[in-house]
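Just so you know, the protein sequences line up as chains A and B, in that order. Read in order, the letters of the first sequence correspond to residues 1 to 230 in my numbering. Read in order, the letters of the second sequence correspond to residues 1 to 242 in my numbering.
Quick caveat, the hints were computed from the structure, so don't treat them as lab data. Cβ coordinates follow ideal geometry from the N, Cα and C atoms, glycine included. Among the clues, some could well be false.
Claimed, not checked - Here are the simulated distance ranges between beta carbons:
| hint | chain 1 | residue 1 | chain 2 | residue 2 | range |
| --- | --- | --- | --- | --- | --- |
| 1 | B | Asp67 | A | Val76 | 36 to 44 angstroms |
| 2 | B | Arg184 | A | Arg133 | 36 to 44 angstroms |
| 3 | A | Arg133 | B | Ser181 | 55 to 63 angstroms |
| 4 | B | Lys115 | A | Leu45 | 30 to 38 angstroms |
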Amino acid sequence: MSVWNWSGFFNYLTNAYILEGVFTTVWLTCVSLLCGLVLGFVIALMRRSKLRVMRAIAWFYIWLFRGTPLLVQLIVIYTALPQLGIRFSVIEAALIGLALNEAAYLAEIIRAGIEAVPEGQSRAARALGMTERQIMRYIIMPQAFKVIIPPLGNSVNGLLKTTSVTSVISMEELLRRTQVLIQEKFMVLELFAVAALYYLILTTLWDFVQRRIERRFGQSTAAVGLTEKR
Amino acid sequence: MIEITGVTKYYGKFPVLKNCSTSVAKGEVVVVCGPSGSGKSTLIKCVNALEPIQQGSIRVDGVEVNDPQTNLPELRSLVGMVFQNFELFPHLTIENNIMLAQRIVLGRSQQVARKRAMELLERVGMTGHAHKYPGQLSGGQQQRVAIARALAMNPKAMLFDEPTSALDPEMISEVLDVMTSLAREGMTMMVVTHEMGFARRVATRMVFIDQGEIVEDRPTEEFFPARHNPRTEAFLGKILHH
Numbered sequence: 001m002s003v004w005n006w007s008g009f010f011n012y013l014t015n016a017y018i019l020e021g022v023f024t025t026v027w028l029t030c031v032s033l034l035c036g037l038v039l040g041f042v043i044a045l046m047r048r049s050k051l052r053v054m055r056a057i058a059w060f061y062i063w064l065f066r067g068t069p070l071l072v073q074l075i076v077i078y079t080a081l082p083q084l085g086i087r088f089s090v091i092e093a094a095l096i097g098l099a100l101n102e103a104a105y106l107a108e109i110i111r112a113g114i115e116a117v118p119e120g121q122s123r124a125a126r127a128l129g130m131t132e133r134q135i136m137r138y139i140i141m142p143q144a145f146k147v148i149i150p151p152l153g154n155s156v157n158g159l160l161k162t163t164s165v166t167s168v169i170s171m172e173e174l175l176r177r178t179q180v181l182i183q184e185k186f187m188v189l190e191l192f193a194v195a196a197l198y199y200l201i202l203t204t205l206w207d208f209v210q211r212r213i214e215r216r217f218g219q220s221t222a223a224v225g226l227t228e229k230r
Numbered sequence: 001m002i003e004i005t006g007v008t009k010y011y012g013k014f015p016v017l018k019n020c021s022t023s024v025a026k027g028e029v030v031v032v033c034g035p036s037g038s039g040k041s042t043l044i045k046c047v048n049a050l051e052p053i054q055q056g057s058i059r060v061d062g063v064e065v066n067d068p069q070t071n072l073p074e075l076r077s078l079v080g081m082v083f084q085n086f087e088l089f090p091h092l093t094i095e096n097n098i099m100l101a102q103r104i105v106l107g108r109s110q111q112v113a114r115k116r117a118m119e120l121l122e123r124v125g126m127t128g129h130a131h132k133y134p135g136q137l138s139g140g141q142q143q144r145v146a147i148a149r150a151l152a153m154n155p156k157a158m159l160f161d162e163p164t165s166a167l168d169p170e171m172i173s174e175v176l177d178v179m180t181s182l183a184r185e186g187m188t189m190m191v192v193t194h195e196m197g198f199a200r201r202v203a204t205r206m207v208f209i210d211q212g213e214i215v216e217d218r219p220t221e222e223f224f225p226a227r228h229n230p231r232t233e234a235f236l237g238k239i240l241h242h
C-alpha cells in the first residue's frame, strides 16, 4: 500500500519521544552494568571462597541466571512475584532483572580475569606483608582488568541490545517507544529502521570507547610483550 | 633470628618435611641445598608462613609463625623474600614495584618511599631503570630489583628461594654479587641454592635436605672438605662435577 517514506523516517529520527527512549536505553544499560559489576565481583569472590557454602551459593546463582532466559526472569520479577506480595515498579523490575542477569555473566568473566593472574604474584605480595584485601586491590585486580576488558566490552555491547527485552514489561526504552509509535502511525519499516539505527549508533560509540580503554590499560602489557620477543 | 624446631609438613598424606630443625642466628648466612623435590623450597616458604605447617614450631625474631594469633602481614614485612621467578608486579614501574609495599604496608610517605627506592636501586646497580616496566628488563636485572623491593621494607632477615635458578648463566653472577655484598654487610640470610661456589664463599652454615629430612647441618668449612654422609656425597658429586 504505502512505500518507504523518507520524510517519515527523518521525522522520527529526531522525534523527542524516540530520543527519550534512546536516553532510557543508555541509562538502563549503565545502571544495570554498574550493579551487575558490583554483584558480579562479589559472586566471583564467593566462587573462590574457602567456604563451601559460599561457593555453592555462587554456583547456584550463576547456574540459575545463566540457565533461564532473561525474558522469563523479567516476567517472574514483574508479573509473578506480586503473587507473593512482592511488588516492583516497571523501572525497578527492569533494573533488577537486567542487573541480576548481567551479574551472572560478569561473575564468570571477572573470575577468569582473577584466575589469569599467576599465583606467584599473590605470594610475592603476601611476602611483602600486604593483606589479602590490599593484594586484591593493588596486585590482582589491575592485572585481571586487562584480561577482563575485552569480554566485558562484548558484554556491554550485548547489554545495550538486551535492554530491549524489558519492553515486554512495558519499560519505556527505545524499542517499546518505537512499538507505541508504530501502533499509532503504522510506519512499521521506517520506525523499526530508526530504532535499529539508534542501536547501531550506540554499539558503535561503545566500540570506540572500548578501544580507548584497551589502549590505555594495555601499556604495561605491551612492555611485557617486548621481552618475550627478545 | 629464625628457629625451626621439629617441623613436619604434609601435602595430603605425603610428608614433604619430616621433623626438621635448624636455626639461623643474627648475621648468619645459611645455605640450604638438596636434590629437587627434597623439600628445601617448602622449608623456606614455611618461615614466613607462605606454606602452613602441621607440626612443630617456627619462630622469627621470637614470634611464633604458626600461632593463629600472630599478625602474619606484620611478621612477613620483617622478613624479605626473593623468589625463583622474581615475581615483580608487571603492571607497575620498577620504582612503584619498590614503593608500593612501603606505602601501603609501612605507611611511608611518597617522598620517603621514593628516596628509599632510589637508594636501593643504586645499591643493586639499577639506577636509571626506575621508570621502566619489569617486562623491559633482563632476568638478572629483574631479580636485582626484586632484592631491592624486599630490602625496601628494612627486613631483619632475607629469604632467597633459588634466586638464580631461572636465570641465564651469564646473569647469575650479577645477582650473586648483590647477595654477597648483602651478606658481607651482616644481613641475616637463608638461601636455597645450587650455587656451591657462592655457598663456599659466603655461607656460615650449610644445611643439606634429602627426602624431607635435614641430613646435615654444619659450618661451611666442615661441610665441604670432609663428606660425612653418603647422601650428601652423592648429591655434591652430581652438582659439582659437570
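So, going through the hints one by one against the coordinates:
no., hint, in the structure
1, B:Asp67 x A:Val76: 36 to 44 angstroms, "51 angstroms, violated"
2, B:Arg184 x A:Arg133: 36 to 44 angstroms, "39 angstroms, holds"
3, A:Arg133 x B:Ser181: 55 to 63 angstroms, "36 angstroms, violated"
4, B:Lys115 x A:Leu45: 30 to 38 angstroms, "37 angstroms, holds"
Hints 1, 3 from the list above are not met by this structure, while the remaining hints are.
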